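Enquirer: Guided by the hints, dock chains B, C, D, E and F with the ligands onto chain A, whose structure is given.
6 protein chains.
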Amino acid sequence: MFYHTKRLQFEAKPEQPDPVYAHKLQELIGGAWGEMTVTMRYLFQGWNCRMEGKYKDMLMDIATEEMGHVEMLATMVARLLEGAPSDKTTAAAENDPVMGAIIGGMDPQQAIVGGGGATPSDSNGYPWNGRYVIASGNLLADFRSNVTAESQGRLQTARLYHMTDDPGVKNMLKFNLARDTMHQNQWLAAIEELKADGVEDTVVPNELFDEEYREHASTLWHLSDGDSSQEGRWASGTAPDGDHEFSFVSNPEPLGGPASAPKPPEHLYGTTW
Amino acid sequence: MFYHTKRLQFEAKPEQPDPVYAHKLQELIGGAWGEMTVTMRYLFQGWNCRMEGKYKDMLMDIATEEMGHVEMLATMVARLLEGAPSDKTTAAAENDPVMGAIIGGMDPQQAIVGGGGATPSDSNGYPWNGRYVIASGNLLADFRSNVTAESQGRLQTARLYHMTDDPGVKNMLKFNLARDTMHQNQWLAAIEELKADGVEDTVVPNELFDEEYREHASTLWHLSDGDSSQEGRWASGTAPDGDHEFSFVSNPEPLGGPASAPKPPEHLYGTTW
Amino acid sequence: MFYHTKRLQFEAKPEQPDPVYAHKLQELIGGAWGEMTVTMRYLFQGWNCRMEGKYKDMLMDIATEEMGHVEMLATMVARLLEGAPSDKTTAAAENDPVMGAIIGGMDPQQAIVGGGGATPSDSNGYPWNGRYVIASGNLLADFRSNVTAESQGRLQTARLYHMTDDPGVKNMLKFNLARDTMHQNQWLAAIEELKADGVEDTVVPNELFDEEYREHASTLWHLSDGDSSQEGRWASGTAPDGDHEFSFVSNPEPLGGPASAPKPPEHLYGTTW
Amino acid sequence: MFYHTKRLQFEAKPEQPDPVYAHKLQELIGGAWGEMTVTMRYLFQGWNCRMEGKYKDMLMDIATEEMGHVEMLATMVARLLEGAPSDKTTAAAENDPVMGAIIGGMDPQQAIVGGGGATPSDSNGYPWNGRYVIASGNLLADFRSNVTAESQGRLQTARLYHMTDDPGVKNMLKFNLARDTMHQNQWLAAIEELKADGVEDTVVPNELFDEEYREHASTLWHLSDGDSSQEGRWASGTAPDGDHEFSFVSNPEPLGGPASAPKPPEHLYGTTW
Amino acid sequence: MFYHTKRLQFEAKPEQPDPVYAHKLQELIGGAWGEMTVTMRYLFQGWNCRMEGKYKDMLMDIATEEMGHVEMLATMVARLLEGAPSDKTTAAAENDPVMGAIIGGMDPQQAIVGGGGATPSDSNGYPWNGRYVIASGNLLADFRSNVTAESQGRLQTARLYHMTDDPGVKNMLKFNLARDTMHQNQWLAAIEELKADGVEDTVVPNELFDEEYREHASTLWHLSDGDSSQEGRWASGTAPDGDHEFSFVSNPEPLGGPASAPKPPEHLYGTTW
Amino acid sequence: MFYHTKRLQFEAKPEQPDPVYAHKLQELIGGAWGEMTVTMRYLFQGWNCRMEGKYKDMLMDIATEEMGHVEMLATMVARLLEGAPSDKTTAAAENDPVMGAIIGGMDPQQAIVGGGGATPSDSNGYPWNGRYVIASGNLLADFRSNVTAESQGRLQTARLYHMTDDPGVKNMLKFNLARDTMHQNQWLAAIEELKADGVEDTVVPNELFDEEYREHASTLWHLSDGDSSQEGRWASGTAPDGDHEFSFVSNPEPLGGPASAPKPPEHLYGTTW
Ligand SMILES: [Ca+2]
Ligand SMILES: [Ca+2]
Ligand SMILES: [Ca+2]
Ligand SMILES: [Ca+2]
Ligand SMILES: [Ca+2]
Ligand SMILES: [Ca+2]
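Residue numbers (our numbering), protein chains in the order written: chain A, 113 to 385; chain B, 113 to 385; chain C, 113 to 385; chain D, 113 to 385; chain E, 113 to 385; chain F, 113 to 385.
Worth flagging that the hints you see were computed from the coordinates, not collected in a lab.
A quick note: this is a predicted structure, and the numbers were derived from the prediction, not measured.
Some hints here could point you the wrong way.
Any copy, or any two copies together, can satisfy a pair, since identical chains are not distinguished.
[Stated by the list, open to error] Capping the alpha-carbon separation at 30 Å, the derived lysine-lysine pairs in DSSO-like fashion look like this:
hint: 1; residue 1: K200; residue 2: K286
hint: 2; residue 1: K375; residue 2: K307
hint: 3; residue 1: K282; residue 2: K375
hint: 4; residue 1: K307; residue 2: K286
hint: 5; residue 1: K125; residue 2: K375
hint: 6; residue 1: K282; residue 2: K125
hint: 7; residue 1: K200; residue 2: K375
hint: 8; residue 1: K125; residue 2: K286
hint: 9; residue 1: K375; residue 2: K286
In isolation and in its complexed conformation, chain A is listed as follows (with noise of 0.2 Å):
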C-alpha cells in the first residue's frame, strides 16, 4: 500500500513558460525509457521477486522513488505551459513569426486534450505502454535492464539539460540527473551483489550449458564485410563468463537446409502448385 505526501521530492520551478520545451520535456514522462517506465518496470519486478529481503526491499524503495520523479516531471510540464499561447490563431502568428514557430514546436494534445498539463505520453505524442515494462523474476537479467533504463534515461536527460537555459529548469535536472547517476551506480552494484551472493552468475539463466552447443557458444560469424569485426576484445580471448574462449568465423556457411515450408491445409488455400 503507498502514502503520498504533497511535497515534490525536489523542486520543480521554472523561471518562465517555455511551452516548446514542455514538448520535449515529455520524453521523460512517457517515453520508452522515461520515469512512468522505470515506476512500472521496478513496482512488477518487486511484486514479482520471489525472494524476502535486501533485493525486493530495494526494489520497492526505488520504485516507489520513481513515482515521485513523475510527479515532478508532470507539474514542472504545467509551469512550462503557464501562459502558453494555446488558444492563438494561425492569422495572429503569420504577423508574429515567432509565435508561429512556438506553436509550431507545441504538442496540441498538451492544450486540446490536457488543458495545459502533461499527457502520458512521449515527445511525439505516442501513449506509454505495458510492453515498456520487463518483470522476468529473473533478478539478473532484470537488473540489466535496470541498468539500460538509468543510462538511456541519464543520455536523455543529459541532451535536454542542453536545450534549455532556464535556470529553474537545469536546477530539477541537476537533481534528476544525479539520481540517476546513483541508479546505474546501485544496479550495477545489485548486480555484483548477485553474483557474490552466488544466486546468479554471467549468464542469464546459469543453466542448460550442458544442453546448449558449446561448439557455437563463443563464434563470432563474420557476416558483414566490415573486416574490422576480428579486432575487437569479443573475437579472441576468454570470454567474460570465464569459460569459453571466443574465436572469429571468417568465412561462415549456412549449417542448415534450405528455409522451405510444407503445404498447409488444403482448406487455407494456400497457393500450391
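Expert: Then chains B, C, D, E and F with the ligands, alone, in the frame of chain A:
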C-alpha cells in the same frame, strides 16, 4: 546492402507438428525480446554508429546473423503447423477433448491470417513494434541494452526449451541457447573494450558530473518499509564508478514544495475557483 | 443497414485554408474523444443492446448521426488544406519565416500519406483504435461513458473554437457545440429514464451488495497528506445511492499481509535463494 | 512524493492456484478499465488540478489507494500461478485433456515473459497504454469519466466474481466490489459538490451557450427507423440542464451542401480529371 | 449524412451458439482486413476523392454497404455467444474437459468487457486501428489497395467457412463470400475504367519518368541464391507498363559508398573517438 | 541466412543537412508503406511460400533488396541531421525565427532518443508495427498487396521528391522512384504469371463459387444518393473474372431481419427488462 542464401544458419526441423507450441514460439519471433527486436536494434545501432571500425563492423556482423534467426523461427513455426486442425469445427472438438484443447491453445491468426505460417507478433498476438528498438548513438548505453536483450532472450528460450519434448525443436533451441550465451559474452566484452579504449566509462553519459548535484548522486532513499534494503552492496561502500560513496537515507523527507500547478489560459476551460 | 446522402448534416466551409488548424482538428476526428469514438461506441452499444425499444432505437439514431460528424470534419480538413505548402522546401521556408512556421505546424502525413486529406488519427498523429470503444451491455455503465465522451468532446471543441478566427470554421463549430450540448443532456436524461423505468439504479451493477464487504463500501482512505479531502460532500453524510453513510479514515492502516509471491516452477528460472 | 508499506491494503490469497483464472484477472490490472487506468488517471488529474484544496486532496487520496489495488491484483496473480503447468508439453496435455484445457486457457506471456507473474496487460495480452488516461483540467468532465471508470470496473469485477469458486479470491473481490461502490458514490458526490460550490454546472464546459446554435442544442435527429426513440425522456420535456426543451425531428434533412473537396496541390498527384 | 434501418443487409442467425467460433469471427470485424477496415477505408477515400461523379459515388455506395457488414458480424457474434459459459469456473471445467476446451478457446474480453458481445478487435484481441486505412487521393493506388482488401477478406472468410458446420453461420458466409467476389471484380473494373478514362496509367503516380533513373527501372537484382527467380515473366520481356524491358542482374554489386554517418552534435553525447 | 556489405545499394549523400526534411523522410522508413513494411512483408511471404522455385526465389531477391533500402534511408537521415540545432534553446529560437521554424519542424525523438539518427517510426513518430505485414500463403492475394505497397510507396516518394531542392537527396530519390517503378511492374508481371501457370485465377481464393450465393456476387447496391455510380464499368457488362454480369440495384432493400441480440447470461449483468 544485403545478400541472402536459401540455407538456414542452423536446422529447424521438428519431428512432429505441434500447433500449440507454434503459438508459444511466436514470443521469440515478434516479442519485445525476440529476434525481430535484436535484428532491428543492431541494424539501427550499426547504421547510427559514428565510429568506423571494430564496433560498427561487429554490430553489422551480429545484426545480419539475427535476421537469420527470424528466418529459422519462422520456418520452424510453419513446420510445426503442418496439418494443424485449422479447419476443425467446435462440434468436432466437442467429441474429441484433446482436439478441443489443441484448438483452444492455437493462435487463430496463424491459420486465418497467416495461412499456416508465422506472423510478426508475440505469443499473445500483439504485433512487434519499433519502440522495442533503441539506437541512441551512445555505445555504452546501447550495449547495455543489448546484454539485456540477450539475457531476456536466453531466459525465454530456456523456458520454452522445457515446454517441448520434440527432439527436432530441442535441436534448434540448443543452437539458439548457445548463440545467446555467445552474445551475452560478446556484449559484456564490448563494454569492457569501450572502457579499455577510453571512449566510455561507467556512468552514461560520461559528462555533467560537475553540473549534477553530487550530494544526491549516491543516496538510497528508503521509501518503502522493507528494512533490508540497507544491507545491500548499494547502500554503503564505494560505488562501481569508483567515484561515489553510497549512503542510506533512512527517513527521507521531500526537498521540494507542493506539487501545485498555475491556472491555465482562460480559453482552456479548466476548473478554477 | 445504412444509407447515405451526399449532403452534409451541416455546412463545413472555411473562408480560407489554414493547414496548421487542419492539423489540430484531427483531434476531433481520430482522438480518444473524437467523432470516430462516439460513432463506433454508439454503434457497438446499439448492436449490443439486449432490449428492443426506445434505448436501442435512440442509440442507433445518435450513432448514425455521429458518423455524419466524422464526414463533416473530414470535409473541413480537406478544405483547410487547399493549396497548403506541401511541396515547399526547407530552403524556401528559410527565406520566409511565416511559411517556415506554417510548415512546422503542419501534420506531415496529411500531405505525404493523405494527399491533402484527413487521416483517422489524432492531433499527434496517433491512429484511432478500438480500445476507445466500450459497449458493456450494461446501459447505465455505458450511458455514463457517453456523458463523459460528449463532455470531453464539447470541451475540446470549445478549446478549438478559440484557436481560429475563420467565420466558416466557427460556423461549423457552433453547430458541433450545440449537438454536444444536446447529447450531454440526452445521455443524462437517459440515465434518469433508466432509473425511472426501474431497470438500473445508482451503483453499477445493481447487484452483489450482500456479498461485498459493506464496511469498506463508504470509507474515504486518507492516503495523501493534503488535509482538505475530508471537507467534501464525499467524506460524510449520505451517499448518492441513499444506502451508505460516507466516513473518513484519517489514519488508514493496511489490512492485508505482505505482498509476497511464492516460488515459481523451477523451469522458469526465477531468482530464489 | 510517495511512501510504500509492504503490507497489502487487503488480503490477496487464493486457496488454490488457478492459472486459467490468473489469465482472466489480467483485465483488472491492465485493461482499459483496470486498476492501472484509475491509478494513472487520478494521478494525472490530481497533478493537473488547478485548485488547491478538497478536490485536489481527494484526487490524491484515491489515486494513492488505486496504486495499492494494482499491487493486490499482481500479488493475487502470482499466487494463482504457483505451480502452473508452464513447463508441460503438448504431448503431456494430449494424455490429459484437463491439463490440455488448462494450458489452452493460460496466458503464455505470464510464463514465458513474466516468469510466473502478472504483466501490465489486459486479458487478451494487449498492453495498458496512456490513451486510457484523461486529465483535461475540467473537473466535471473528468469526474464524469471517473464515475464511468468505477462503473465499468465494478461491472467487470462482478463478472469475474462468478468465474471462480475460490474463497480466497472471492474474499479479495468482495473488498474490491465494495471499494468500487464507494468510488462510484464518491465521484457522484463530487459532481454534486462541484455544482453546489458553483464552479461547474450541467453542460461541460459551462460556456459558449451564446455562441452555439441554440436551435440545434435540443433536437433528437431520427436517423434510424426504430420508431421508439421518441418515447424516451430525451425526446420531449425539459432537459437536465433546465435550460432546453427536448424535441424530436422525425424526418431530418441534411442542412449542408455536398461533401466535396477541392483539388489538392499538383505535386501530391491526386487523381483529378 | 447517413440513415440506418434496423434490418440487416442479410440474415445473421446461427442455429446454435458456438463461443469458440465467436472468438475466431472477430478477425472479420476488427482485423487488418476485416469489415471495419473496408468501411473506414472506403469512407475516407470517398471523402478524399477530388472528382465529382461516378468514382466518388461508387466509393460512397460501397462504403455504406460495408458498415452494414460490421453490423451483420456483430449481430452474429452476440448470437453465437448466447448462453456461453462465461460464468463457469476452472474447477467446473476440470470435471468437464469439453467445457474446459471451450473456455480455453473463448475470447475473455467478449465476456468480461463486452458482456457477451463483439468487440472492435481481431481474433487475437488486438484493437482495430486507423493505420489500416489508406486514402491517398490517388485513385489507382487506392483501388489497388481495395482489390487487396477484398482478396484478403474473401480468403479469410473462406478459411472461416470451413471452421464451422452451423447452417446459419454458413448461410451468412455464403452471402459474404459473394459480396467479396463482387467487390474484387468491382475494383478490378474500376482500375480498368481509370485507364479507359485516361486519368491513370500503369505506374503510380504517372509522373516523374524523366526524372527517375531509367536504367534502374526494370532490373531484377539477384540478391538471394535461389536460382529460379530469372525464370519468371518479371525477369525478361516487356513490362506490364509497355515501356520497359525487364532484365536480370545476376551478380549485383552495390553502387553506393559505405553506410557511414557523420558525428552528431557534441551535446548529444554520441560515442566517437 | 544473410550476408551484408558495408556499401549502400545506391548513394545517399545530401549536399547539405536539412533536419526538417529528415523528419518527413521518416515516413519512407517506418510508415505503413515504407521500406520496413516491404522488407518484412516480402521476407514473411518468402518464408511462407509453399512452392519451391521462381516465386519463392523472386520473393527472397526483392526482400533482400528492400532491407538495403531501409539502410539507405537511415543513412540519409543521419546525414541530413548533421549539425542539427538539437541543443538550441527556445530562447535562442526567439531571436531567430528561421531557427524557430526549423526546431518546430524537427522530430524531437531523432535528437533525444536517436542521438541524431533515424528511428523505426513514421513521420508522425508512430512506430512501425507488425500488422503492416501480410503473408497469407495465397500468392495472388499477397502479390496484390505488393503492387499496392509499391504504388503507395512510389506515390509518397514522389511527394517527398518535391519537398526538397537538395541535389544529393534528389539523386537518391531518383533511384528509389525507379526501383518502385520496377517493383510495380514486377508484381503485376508476377500476377500475370500466376494466371499463366494456372495456379491462381481472378477471384481470391479460386474456390467456393458453388457455395457462395451467386445472385449476390455481381450486384452494386446503390446505398448513397450520388447517382453517377451506375455509369461505371462496374455496374453493367461482364466482370473481369469473365464469369459474372454486373448489375445495379437502384433501390436496395435489406434482406435480413432486425439486428437484435439475445439476452446474455445472467451473471454478465447486461441491462434487460
Ligand atoms: Ca528517475
Ligand atoms: Ca538471436
Ligand atoms: Ca458528435
Ligand atoms: Ca480500484
Ligand atoms: Ca465486406
Ligand atoms: Ca523499396
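Enquirer: For each hint, tell me whether it holds in the structure or not.
Expert: Evaluated hints:
no.: 1; hint: K200 with K286; in the structure: between (34 Å within a copy, 19 Å between copies)
no.: 2; hint: K375 with K307; in the structure: between (49 Å within a copy, 20 Å between copies)
no.: 3; hint: K282 with K375; in the structure: between (62 Å within a copy, 23 Å between copies)
no.: 4; hint: K307 with K286; in the structure: between (32 Å within a copy, 25 Å between copies)
no.: 5; hint: K125 with K375; in the structure: between (65 Å within a copy, 15 Å between copies)
no.: 6; hint: K282 with K125; in the structure: within (10 Å within a copy, 37 Å between copies)
no.: 7; hint: K200 with K375; in the structure: between (62 Å within a copy, 17 Å between copies)
no.: 8; hint: K125 with K286; in the structure: within (13 Å within a copy, 38 Å between copies)
no.: 9; hint: K375 with K286; in the structure: between (61 Å within a copy, 26 Å between copies)
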